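For the record, the sequence lines run as chains U, D and B.
So that you can map any letter, position 243 of the first sequence is 245 in my numbering, and since no number is skipped, the others follow by simple counting.
So that you can map any letter, position 482 of the second sequence is 489 in my numbering, and since no number is skipped, the others follow by simple counting.
So that you can map any letter, position 14 of the third sequence is 25 in my numbering, and since no number is skipped, the others follow by simple counting.
These are computed hints drawn from the structure, not numbers from a lab.
Every value quoted in this text rests on a predicted model; they were computed, and no experiment measured them.
Yeah, the Cβ is synthetic: ideal placement off N, Cα and C, and Gly gets one too.
Don't take each hint at face value.
Selected chain U positions facing chain D (Cβ under 7 Å, derived; list incomplete) [said to hold, decoys possible]:
id : residue
1  : Leu103
2  : Met116
3  : Ser120
4  : Phe167
5  : Gln171
6  : Leu277
According to the in silico footprint, chain U covers these stretches of chain B (three or more CB under 8 Å from chain U) [stated by the list, open to error]:
id : region
7  : 24-35
8  : 70-79
9  : 151-162
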Amino acid sequence: MIESILLWAFALLTAPLFAGIIFKVKAFFGGRKGSPVLINYYTLIKLFKKGSVYSTSTTFIFKLGPMVSLGAAATALLFLPIAGHAPVFSFNGDVIFILYLLGLARFFTIAAAMDTASPFEGMGAAREAYFPIICEASMFMILILFYRLTGDLSFAAYFSGSQPFGLWQTAGSPILFVVIAFFIILLTENARVPVDDPATHLELTMIHEVMVLDHSGPDFGFIEMGAFLKMFFYASIVARLILPFELGNPALNLALFSLGVLIVYLAVGVMESILARYRMDRVPKFVLTSFALAFFATAITLEFLR
Amino acid sequence: MNLFFLSILIISAGGILTLLTFRFFPLMKILGVLGIGAGCCIGMLDALSKLSHDGSASASFDYLDTLSLAFQIDGLSAFFLLAIFAVCLLATIYSFDYMSNTGKALGTATNYFFFSLLTASMALVVVAGNMITFMLSWEIMSLSSFFLVVYDHQVLENRKAGYLYFIFSHVGAMFILAAFGVLYSHTGSFGFDAAGMSHAAKMLVFILAFIGFGSKAGVFPFHVWLPHAHPAAPSHISAVMSGVMIKTGIYGILRLYSILNLHTPVLGTMVLVFGVVSGVLGVVYALGQHDLKRLLAYHSVENIGIILIGIGIGMIGVEAKNPIMAVLGFSGGLLHVLNHSIFKSLLFMGAGVVLKKTGTRSIDALGGLLKNMKVTGVTFLVGSLAIAGLPPFNGFVSEFFIYVGSFRGIAVGSPVFAVSLLAIVSLAVIGGLALACFTKVVGVVFQGEPRSRAAHDVNEKGPAMLLPMVILAGACAVIGVYPGGFMFLVLKAVAALGLDYGRIPMEPFARISANITWGATLFLAVLLALLALRRILYQGKTIGRAGTWGCGFTQPTTRMQYTGSSYAASILEFFKPAAPLEEDHPPVLGLFPRQTHYRSHIHDIVELHLNRLVVNPVLWLFDKLRWIQHGDIHLYIGYILLAIVVLLFFVKP
Amino acid sequence: MIHPVDTILSLALLSILFSFGSSRLPPLIKVLAFQGVVVCIVPLFIGHDMSTGSLVFTLATLAIRGIIIPGCIYLAIKRVAIEREVEPIVGYHASILAGLLLIVGATVASHHIDVPYSSVSALLLPTAISLLGAGMFLLMARRNAIAMVLGYIMMENGIYLVGTTFSVRARHIVEFGILLDVLAGVMIMAVILQNITRTFDDVDTARLRTLKE
Numbered sequence: 003m004i005e006s007i008l009l010w011a012f013a014l015l016t017a018p019l020f021a022g023i024i025f026k027v028k029a030f031f032g033g034r035k036g037s038p039v040l041i042n043y044y045t046l047i048k049l050f051k052k053g054s055v056y057s058t059s060t061t062f063i064f065k066l067g068p069m070v071s072l073g074a075a076a077t078a079l080l081f082l083p084i085a086g087h088a089p090v091f092s093f094n095g096d097v098i099f100i101l102y103l104l105g106l107a108r109f110f111t112i113a114a115a116m117d118t119a120s121p122f123e124g125m126g127a128a129r130e131a132y133f134p135i136i137c138e139a140s141m142f143m144i145l146i147l148f149y150r151l152t153g154d155l156s157f158a159a160y161f162s163g164s165q166p167f168g169l170w171q172t173a174g175s176p177i178l179f180v181v182i183a184f185f186i187i188l189l190t191e192n193a194r195v196p197v198d199d200p201a202t203h204l205e206l207t208m209i210h211e212v213m214v215l216d217h218s219g220p221d222f223g224f225i226e227m228g229a230f231l232k233m234f235f236y237a238s239i240v241a242r243l244i245l246p247f248e249l250g251n252p253a254l255n256l257a258l259f260s261l262g263v264l265i266v267y268l269a270v271g272v273m274e275s276i277l278a279r280y281r282m283d284r285v286p287k288f289v290l291t292s293f294a295l296a297f298f299a300t301a302i303t304l305e306f307l308r
Numbered sequence: 008m009n010l011f012f013l014s015i016l017i018i019s020a021g022g023i024l025t026l027l028t029f030r031f032f033p034l035m036k037i038l039g040v041l042g043i044g045a046g047c048c049i050g051m052l053d054a055l056s057k058l059s060h061d062g063s064a065s066a067s068f069d070y071l072d073t074l075s076l077a078f079q080i081d082g083l084s085a086f087f088l089l090a091i092f093a094v095c096l097l098a099t100i101y102s103f104d105y106m107s108n109t110g111k112a113l114g115t116a117t118n119y120f121f122f123s124l125l126t127a128s129m130a131l132v133v134v135a136g137n138m139i140t141f142m143l144s145w146e147i148m149s150l151s152s153f154f155l156v157v158y159d160h161q162v163l164e165n166r167k168a169g170y171l172y173f174i175f176s177h178v179g180a181m182f183i184l185a186a187f188g189v190l191y192s193h194t195g196s197f198g199f200d201a202a203g204m205s206h207a208a209k210m211l212v213f214i215l216a217f218i219g220f221g222s223k224a225g226v227f228p229f230h231v232w233l234p235h236a237h238p239a240a241p242s243h244i245s246a247v248m249s250g251v252m253i254k255t256g257i258y259g260i261l262r263l264y265s266i267l268n269l270h271t272p273v274l275g276t277m278v279l280v281f282g283v284v285s286g287v288l289g290v291v292y293a294l295g296q297h298d299l300k301r302l303l304a305y306h307s308v309e310n311i312g313i314i315l316i317g318i319g320i321g322m323i324g325v326e327a328k329n330p331i332m333a334v335l336g337f338s339g340g341l342l343h344v345l346n347h348s349i350f351k352s353l354l355f356m357g358a359g360v361v362l363k364k365t366g367t368r369s370i371d372a373l374g375g376l377l378k379n380m381k382v383t384g385v386t387f388l389v390g391s392l393a394i395a396g397l398p399p400f401n402g403f404v405s406e407f408f409i410y411v412g413s414f415r416g417i418a419v420g421s422p423v424f425a426v427s428l429l430a431i432v433s434l435a436v437i438g439g440l441a442l443a444c445f446t447k448v449v450g451v452v453f454q455g456e457p458r459s460r461a462a463h464d465v466n467e468k469g470p471a472m473l474l475p476m477v478i479l480a481g482a483c484a485v486i487g488v489y490p491g492g493f494m495f496l497v498l499k500a501v502a503a504l505g506l507d508y509g510r511i512p513m514e515p516f517a518r519i520s521a522n523i524t525w526g527a528t529l530f531l532a533v534l535l536a537l538l539a540l541r542r543i544l545y546q547g548k549t550i551g552r553a554g555t556w557g558c559g560f561t562q563p564t565t566r567m568q569y570t571g572s573s574y575a576a577s578i579l580e581f582f583k584p585a586a587p588l589e590e591d592h593p594p595v596l597g598l599f600p601r602q603t604h605y606r607s608h609i610h611d612i613v614e615l616h617l618n619r620l621v622v623n624p625v626l627w628l629f630d631k632l633r634w635i636q637h638g639d640i641h642l643y644i645g646y647i648l649l650a651i652v653v654l655l656f657f658v659k660p
Numbered sequence: 012m013i014h015p016v017d018t019i020l021s022l023a024l025l026s027i028l029f030s031f032g033s034s035r036l037p038p039l040i041k042v043l044a045f046q047g048v049v050v051c052i053v054p055l056f057i058g059h060d061m062s063t064g065s066l067v068f069t070l071a072t073l074a075i076r077g078i079i080i081p082g083c084i085y086l087a088i089k090r091v092a093i094e095r096e097v098e099p100i101v102g103y104h105a106s107i108l109a110g111l112l113l114i115v116g117a118t119v120a121s122h123h124i125d126v127p128y129s130s131v132s133a134l135l136l137p138t139a140i141s142l143l144g145a146g147m148f149l150l151m152a153r154r155n156a157i158a159m160v161l162g163y164i165m166m167e168n169g170i171y172l173v174g175t176t177f178s179v180r181a182r183h184i185v186e187f188g189i190l191l192d193v194l195a196g197v198m199i200m201a202v203i204l205q206n207i208t209r210t211f212d213d214v215d216t217a218r219l220r221t222l223k224e
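Whenever a hint applies, use it, and build me the whole structure from the sequences.
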């Protein structure tokens, strides 16, 4: 239990660090030196020190949004086995609970954006409401496959100990598709290129960044932190799937896990450097690919299990 | 049973008293609210005690010496009674401040009268012990609700909605009557009993009844009346109709399922597929609406879909000999019946306050209401979270049970696997779409800035309207965090279905409920911790107020806000084949363009095709038969004579 | 438990989904080239005895399928500056969902067909049928002439996969015959395309209707 809580704290503390690596990768591709790896910590501290300016159009929902999105992401990590160690909490069905909790976070992020009466934020909100619908279908498709393989509905049963290796053993190559599907979900849910470009200069073309335009100070810090945690949540799932090994020693496991997470963040950074953002009407197709892959993996795994 | 009849008596008495005292407006309202409210309270307590003590009761009276009126309360009836009385109680309290048009005293009195009749007849429908009683109560229910729909009969649109509802409810009743007819012809008794019927006959009865009950429940494609009738009725009536009246259709399906004891895999699959189609298309059409109450009405179609998915999973579980899947499916569906009655009546009441205070139902004309309507806004937000199935509110709990039940089906063989997969994926899609739809409603109606004059300077005076909404919002949260006790009640109702599982073990369900409680508490604890952290971080900081950042644009107006139509447009584009969009938008031309406008309308494909395939042929046929209607009374007597003669000759005794 | 062939075949199935989702010709050609390579290396893993001769044959088909044919088409569209959009009749979202249904349908259908060597891999027959179906789908659902040619090549890949389940010698004779036909077809197409574009400035097959008198 103590170890699980320590690992959870590890996740909370290192999530901004990993997110900083993406900047480094992009700087490397751009031939720049780039910001320091610890940039996100500096940003967070700066934001927490500041006060806030609120739009006269906003209500309490605007202040509630950042807390709910951070709270949901932090709660989600409580249920996720980090570095293969048993999670802090777990019950049969926690996967559904967590997915819906992240849905709650989305609801409040959108509501907070609509609160400002800004046309730009409304635009981002509409996109934020649209794309994750397909993501959710894809997540549940993957869940169906995992349930079929393990007979359980909890993160602990999928990603703790040598479980991910067991998934590879029973299903084999389809898990590769699941990994890709997950990666696409990661890019969509966390508003990365090619779905969304957090670095564009035009608010009109953003999704997540434009929704949080009006937030400032500690509230914005909460949003940033929530985004880091959410990214870490998806990245650690992918990391456990690509490096599914159990080394027997907690320290080694943690090192391996960190390596896996690092690989995922590097991959995101490389994607951002070599790809351009899709046109908005192309995005659903991209996300639908993830659903197709998950469906496909389920269909062929069933064929094997027959 | 006596308590039940007492409650029905008090409710009816309350209704009749309003008719007698309509000249004294406040007195009439007090009498009506007190009568109906007291009756509902008694009925609710009675149902609750029956449900928790496994009590069942029955009574029968002879009517005209030949027909017997039989009443029977078991777990299933008691469960529905609970929902009916609870929602009607709150709706009548709400009506005290909502029905404030003193110039329309007689109309208000008739409204109360028919409302009491509707409440009593709904209660009678679910306790009916034989076909005669059932059909009688069913017809009273349909007729009284028809009169409630046409309350504002001066408006042409409302009259049309009323006629549409009238036709649908009677065609539906005809199907139910046909089903009962088949049942009677095989068993020879009016009792609810199907012993010794052939499989094919049972199937026929079920399908006929499913169409009939489905048209009352608003199952796609029999839902056409619903989005017209619900907006037309006064809001507390919409709350009752959408919250509980359409559930009598679900009750009918479940009751018939338990009577027929029909064992075929087709049944569950059929119910589930209807559920999936209703669920997905219901929410897609809802997303495209511009009228707040119409949008909520389409959400009823969606939620009936979710309930049917649960029931379908239950039926499939029974066939697959998987008791846990079966009970999870049925209990999820039934809990959703209760949950939907809570959050949907809450939402309709909220929409009612908005309509009353702003005078418009058009979503795109509203905005920023949360600032002046705090209670309405917050309770509406709670209802939205609940209907979108998000934790920690009640909608999530029932969907969770259906999910877990469907996942059980994944472990079973291939045909069950396929339908369970369909159920899970469509539930996920419905959840996502409902979230999109309610962020639209909350975001456009309650947040931002007022988009028209109607939304300026509003207030929410009227404590009798606010109290029921607060109670309902509280119920959403309580069931969402502590579902255990409610699960207990639901399982009693499932036990009454007669699934031959003996006593259903409470333990696994109690554990699931405890897990939900646990997860919700955990999340709330994290949220509280963050709240504390936020307070510390803002200690002694300067808080500024300024206009919204317009991305460099300095002259924003409220007309520039994103509207509900544009919010939903891209999602609707994805579902274009099922939801054709009609747009009217003269293009902007030239250097000095003239004023233009934009109007869009989402077509319901059933409505489109119903006109083409059913209404027009029927009109054509009746046009051809017009010569029968001569206007000559002697000829009509001749027709009657002819009919009697034909009947005497051809019908065997 | 998992045969390497299954991994390879699932890549082939995947290429179907990607080909349905591609909106432009160059990626579609790349997907087809990838599919050609994947399909060609199946025999290396399937457990037939590999003689030097059959190895050469396999490598030759790989070269034709993976490099020469896609290369020819790629050069052709480069040369004549054809419309890059595949001009779908059925939209991309619907196409991807149709692809999923197609794969499920092919899997169900494959249970009713008995073919030797189908025991080698559970996926061989479903993949072959899916490729055939997918090729036909591309032929039906895309208006662009090149996309239709690519659909035809996809069907051919499917036929090749069915062929691998038969005995080694007969496979090469049948397969090589077909492949050479396709190669010749592609060459002729490249030439004709030049002429069509010169006449119509476009390769929309719908416009060929104007030839009807």
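Cross-check of the supplied hints:
Checking leucine 103 (chain U) against chain D by beta carbon gives a least distance of about 6 Å; that is within 7 Å, so the hint holds. The criterion of a C-beta within 7 Å of any C-beta in chain D is met by methionine 116 (chain U), whose closest approach is roughly 3 Å, and the hint holds. This hint holds: serine 120 (chain U) has a C-beta 5 Å from the nearest C-beta of chain D, less than the 7 Å allowed. At a threshold of 7 Å, the smallest CB-CB gap from phenylalanine 167 (chain U) to chain D is about 22 Å, leaving the interface hint violated.
Interface hint at glutamine 171 (chain U): violated, since its Cβ lies 19 Å from the closest Cβ of chain D, which is beyond the 7 Å cut-off. Interface restraint check for leucine 277 (chain U): the shortest CB-CB distance to chain D comes to about 22 Å, outside 7 Å, so the restraint is violated. Under a criterion of three residues with beta carbons nearer than 8 Å to beta carbons of chain U, the stated coverage of the region 24-35 of chain B is upheld, 6 such residues being counted. A count of 0 residues in the region 70-79 of chain B with a Cβ less than 8 Å from any Cβ of chain U is obtained; the coverage claim is therefore unmet, three being the minimum.
With a threshold of 8 Å between beta carbons, the proposed coverage of the region 151-162 of chain B by chain U is violated, since 0 of its residues qualify and at least three are required.
When the structure is compared with the earlier hints, violations turn up for hints 4, 5, 6, 8 and 9 and for no others.
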